[in-house]
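Asks: Read off the chains here:
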Amino acid sequence: MSETTREPDARQIATEARDRVRFEEEALALSDQVYRVARHLVGSREEAEDLMQETYARAFRSWRSFQPGTNLRAWLLRILTNLNIDRGRRQQRSPDMQPLEEGDYFLYNKLEASGDGDTDEDRVVERLSQNDVVSALSDVPHDFRDVVVLVDIGDFSYADAAQILDIPIGTVMSRLHRGRRILKKSMADQAVGGEVA
Amino acid sequence: MTAYDPCAHCEEVMQPFMDRVLTDDERAQAEAHLDECNYCRKRYRFEENLRVFVRHAVASEPMPVELKQKLAALRTPLQ
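Protein sequence lines, in the order shown, are assigned to chains W and S. Using this note's numbering, the first residue of the first sequence is number 726, and each one after it goes up by one. Using this note's numbering, the first residue of the second sequence is number 4, and each one after it goes up by one.
If you are wondering where the hints come from, they were derived from the structure by calculation, not from laboratory data. Some hints could be false.
Listed next, with one range per pair, are the computed distances between beta-carbon atoms [unchecked claim]:
1) 847(W) / 75(S): 41 to 47 Å
2) 827(W) / 48(S): 50 to 56 Å
3) 884(W) / 48(S): 49 to 55 Å
4) 41(S) / 778(W): 48 to 54 Å
5) 22(S) / 734(W): 17 to 23 Å
What you are looking at is a predicted structure, and each value in this text was computed from that prediction instead of being measured. Idealized CB from N, CA, C, for every residue including glycine.
Using the sequences plus the hints, can you model the full thing?
Replies: Spelled out as structure tokens, the structure:
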């Protein structure tokens with residue numbers, strides 16, 4: 726009799742251990758992608774590394790609250806952005822204090838005007854350097870940058886980004902719209918302010 | 004009232020167009036304009052190239068190997 730009552734417990738423990746190991750493996754397999762987003766949500770590599778460790782420590786502790794079949798990468802980034810906010814790393818500015826962005830064509834127009842007569846539009850983008858992009862992105866205010874990083878670098882849908890940041894989807898769309906323009910304005914300042922081929 | 008400027012309108016819908024969130028009608032209207040307007044088509048091609056370029060530029064810094072090892076070490080030890 727005691728055999729029959731003990732056996733399901735042992736099986737349950739084994740199943741749980743197997744599920745947990747699978748969860749851990751899946752989460753670790755996504756770590757490169759999570760890091761790529763994390764690296765640009767915070768200011769420095771050190772902060773990104775700290776945040777990644779806190780995120781994975783918390784994820785491994787609370788793995789049972791993840792619903793299998795849902796988006797694990799979004800779940801991990803939800804933890805990461807919450808931790809980022811908890812740590813008070815973000816200093817939000819009110820929206821009316823944000824820099825004014827230019828229109829969508831601003832960057833192209835600037836780069837084209839700064840060229841040496843090369844009119845091949847497919848090569849205009851080559852007038853930007855990798856550094857221009859990275860430093861321009863770090864200049865974008867947090868609220869806007871979070872959305873741009875999640876959607877344009879992390880490849881998340883508007884809906885996923887809304888869930889990760891816990892903001893309405895309409896807010897994702899408006900911040901994305903403005904964030905991309907702020908980024909382009911900032912890239913134009915970087916590129917045209919410095920040396921342009 | 005300002006006059007309707009198709010290029011200004013195209014600029015306004017460029018990002019949602021690229022995100023594929025326009026309605027079918029809006030999309031068809033934008034495509035028709037891009038077909039006939041060299042000015043906007045150049046800028047559209049640039050925007051496409053730019054997205055790829057940005058993604059590439061920021062993805063080139065891989066996760067440090069030591070960090071990966073630290074994350075793996077956070078797993079619950081097997082009994």
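Asks: So, for every hint listed, does it hold in this structure?
Replies: Verification of the supplied hints:
no., hint, result
1, 847(W) / 75(S): 41 to 47 Å, "42 Å, holds"
2, 827(W) / 48(S): 50 to 56 Å, "19 Å, violated"
3, 884(W) / 48(S): 49 to 55 Å, "29 Å, violated"
4, 41(S) / 778(W): 48 to 54 Å, "51 Å, holds"
5, 22(S) / 734(W): 17 to 23 Å, "51 Å, violated"
Comparing the model with each numbered hint stated earlier shows that hints 2, 3 and 5 do not hold.
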